[in-house]
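Each chain, letter by letter, is given below.
Number of protein chains: 2
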Amino acid sequence: MRAKREALKTLFTAIKECKVDSDIIDLLLLINSIKGVYTTSSCSGRVGIIEEPKIGAKPLSRWLIKKHFPITFEEAKNSLKAAQKGVIFLKAQPPIFHIVGENVEIGKKLHEIGLSSGFKYTTFKALSKERVLVEINSTEYLTVPLGGDGRILISDEYLEFSINLANEMLKRSKSRLPRLEKNFKKLKEELGEDELFYELNPPMARYI
Amino acid sequence: MRAKREALKTLFTAIKECKVDSDIIDLLLLINSIKGVYTTSSCSGRVGIIEEPKIGAKPLSRWLIKKHFPITFEEAKNSLKAAQKGVIFLKAQPPIFHIVGENVEIGKKLHEIGLSSGFKYTTFKALSKERVLVEINSTEYLTVPLGGDGRILISDEYLEFSINLANEMLKRSKSRLPRLEKNFKKLKEELGEDELFYELNPPMARYI
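Protein sequences, first through last, are from chains A and B.
For reference, each letter of the first sequence is one residue, going 1 to 208 in UniProt numbering.
For reference, each letter of the second sequence is one residue, going 1 to 208 in UniProt numbering.
Don't take each hint at face value.
Just so you know, same-sequence chains aren't split out, so a pair can sit in one copy or run between any two.
Stated by the list, open to error - Computed list of lysine to any residue pairs in SDA-like fashion (alpha-carbon distance at most 20 Å, straight line): (1) K120 <-> L133; (2) K171 <-> S116; (3) K4 <-> I50; (4) K120 <-> E52; (5) K129 <-> D26; (6) K66 <-> K77; (7) K81 <-> E130; (8) K16 <-> L60; (9) K129 <-> V104; (10) K58 <-> K188; (11) K77 <-> E168; (12) K182 <-> S128; (13) K125 <-> I96; (14) K54 <-> R172; (15) K85 <-> N164; (16) K125 <-> G48; (17) K120 <-> S61; (18) K91 <-> G148; (19) K54 <-> N164; (20) K58 <-> F73.
Think of the hints as simulated: they come from the structure by calculation, not from any bench.
Bound-form chain A, shown alone (with noise of 0.2 Å):
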């Protein structure tokens, strides 16, 4: 319950403070509002160019662009300008929510949600009697190296194609979100309502 208390706070805040992907806010407040449910770190799905200094050393790497929706050729062309130092990567990465859920039995609901919501690569990331953590994934990643060190290694059609095609996946990833939504009302008519969500944000909770 505490913990629940604390992501829901820190939830609200960040909704308030425009750090939360817009296009997927009403679908979290409807998971947080389930009994026995919350998340803790969601992102509704990007398109990017990022790049590494050194590979794998996440905490080093800067986006030049990222976006929660198709990209633009023009877009793309003219953030790989301030490209510098390190490898250049083209990412699409599709939705991802962390969701806990408060035992075994709602943990299991979550990751069956999330498979036959068609996120193929739904897991669970960590468990414990009271804290079942899911990941609802899917694969449709690309990761598409441009060049280094502010040097572009790629034609102007093979970014066009390839900034198609991570727009495609992108799109593709996205287009599931509905029926994870209808999945999670599902689920809240079944396991009820928290009343705790109610009593933390009346005013974000009159929306949902």
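Let chain A serve as the given structure and place chain B on it in line with the hints.
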């Protein structure tokens, strides 16, 4: 016990038929010799070029070249001559192990081994009282589109650059295998050896 018996028979047959990646045979035998633990499917990591007629439709895909070791520019260039239909991807994938723990406690130990051996993307894939399926996986994935419908859209220079990157990622992910093996040896000391393993295939078992 029955599930492990079947899994072991499948493994030994696959080894005899040369269907198991040679560089992880010893590790797989070690893991399966541990009481309460067995593998279901694993891959030692690979680099290759694949054609996907329809993105995401795995059964329809075909590999133009696939190796468990670094590939050369010449090998890659030659393999592309066979490209006909669909999007062509250069892919790098790390070693992946699917391992069953016969109860939740063992499942958690397997999960911990994956993470502490540097396989940062280790998760639980399925959960039940007698069967916890753990996937030991890492983050070094590359998915580079090279062209489509037989037409290659990248220069030789870029192909060489991407292949070097793919090979580097494969080497990095494989470099964790010795640590994984060391951790499984410790687990064997802790949980003990499985008589069933030695009963089913004495000649092979003698080597580990």
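- Against the structure, test the hints numbered earlier, and report the numbers of the ones violated in rising order. Of the numbered hints given earlier, those the structure breaks are 3, 5, 7, 8, 10, 12, 16 and 20, listed in rising order.
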